[in-house]
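**Student:** Here's the letter readout for the chains.
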Amino acid sequence: MLNDAELLRYSRHLLLEDVGETGQLALKNAKVLIIGMGGLGSPASLYLAAAGIGHLVLSDFDSIEVSNLQRQITYQSDDVGDSKVEVTKRKLQQINPEIKVRSINKSMQADQLTMELTMADLVLDCTDNMQSRQLINKACVDAKVPLIVGAAIRFEGQLMFFDHSEADSPCYHCLFPSSEEQTLNCSNSGIIGPVVGTIGTLQALEVIKYFVGLPSGIKNKLKLFDGKTLDWQTFVINKDPTCKVCGHL
Amino acid sequence: MKIQVNEQVVEVADNTNIERLLLQLDKPLMGSAVAVNQEVITRSQWESYIINEGDNISLFQAIAGG
Chain A
1 MLNDAELLRY
11 SRHLLLEDVG
21 ETGQLALKNA
31 KVLIIGMGGL
41 GSPASLYLAA
51 AGIGHLVLSD
61 FDSIEVSNLQ
71 RQITYQSDDV
81 GDSKVEVTKR
91 KLQQINPEIK
101 VRSINKSMQA
111 DQLTMELTMA
121 DLVLDCTDNM
131 QSRQLINKAC
141 VDAKVPLIVG
151 AAIRFEGQLM
161 FFDHSEADSP
171 CYHCLFPSSE
181 EQTLNCSNSG
191 IIGPVVGTIG
201 TLQALEVIKY
211 FVGLPSGIKN
221 KLKLFDGKTL
231 DWQTFVINKD
241 PTCKVCGHL
Chain B
1 MKIQVNEQVV
11 EVADNTNIER
21 LLLQLDKPLM
31 GSAVAVNQEV
41 ITRSQWESYI
51 INEGDNISLF
61 QAIAGG
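Here the protein sequences come in this chain order: A and B.
Numbering (the working numbering) for the first sequence: 1 to 249.
Numbering (the working numbering) for the second sequence: 1 to 66.
Keep in mind that the hints are not guaranteed to be accurate.
No farther apart than 20 Å at their CA atoms in a straight line, the calculated lysine to any residue pairs in the SDA-like style are these [to be verified]:
| hint | chain 1 | residue 1 | chain 2 | residue 2 |
| --- | --- | --- | --- | --- |
| 1 | A | 219 | B | 39 |
| 2 | A | 144 | A | 155 |
| 3 | B | 2 | B | 49 |
| 4 | A | 244 | B | 48 |
| 5 | A | 228 | B | 60 |
| 6 | A | 239 | B | 45 |
| 7 | B | 27 | B | 12 |
| 8 | A | 221 | A | 233 |
| 9 | A | 244 | B | 44 |
| 10 | A | 239 | B | 44 |
| 11 | A | 221 | B | 38 |
| 12 | A | 239 | B | 27 |
| 13 | A | 223 | B | 2 |
| 14 | A | 106 | A | 95 |
| 15 | A | 221 | B | 61 |
| 16 | B | 27 | A | 179 |
Derived by calculation from the structure, the hints in this document are not laboratory data.
The structure presented is a predicted model; accordingly, all values stated were derived computationally and were not measured.
Construct all of the structure, not just a fragment, from the sequences and the given hints.
**Tutor:** As structure tokens, then:
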């Protein structure tokens, strides 16, 4: 049951046939791990906290730099030098004291990630490098935990959803099989704030839809966003039977 | 034969596979992803996948930023 404060706070959700009290309780019971509290993790965590995701775990090892403020909208100038997860945790609790927020202020290695996944219903990959993305993908495949991946540089965004609770699910590694390759990131390519914000916001939308039981429009698909034309392209991702990460499943 | 690559018309030889197309276009094999008619062709199929006349091919790069 939702208490009176929650009924008031989530009244605009409760008006929606697709959410209602059942959906809101599902959000309250949900446990979501967000890895990376930068330009994707900022809007994703703000929206998920506001929406009443009951258990949020935030992971990042960075402290806030002045060059982050152009796009990482959780942070303000006074926060420079402070830990991203600690500042985010404080702000999320200010937005919504009804939820539980836990912070992990370090770079998670495979062992800790595996342990965290035993407690997570769903993971958001909001990281900024290929090595972390491959590590997170493998851990989610092994733990059979659904994964929503966002990425952005310049005016371009990428969004995909893999439900690893399904045995025949493809994975991130089927699409991008190498972690060694030179990949584009915000530090070497630049990024427009609202582009990465759009992708992070859509990651949050997909989380809410997942827990209230709405089908995802991006499951086993890659969405490419062009921030200049506002065009979207959609590609189907099939499982690679020779994939080193998920091919044996 | 003619195909479309990222909305540009490109002329390729018959029996061109994806790997050869990337070489012909001078695109890096590492970090690239390829879709034919809105379906991703995983890297393990690049050698065996033969492109057909009129195929609509999308090439894009892995991006890691966030």
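**Student:** Out of the numbered hints, which ones does the structure contradict?
**Tutor:** 2, 12, 13 and 14
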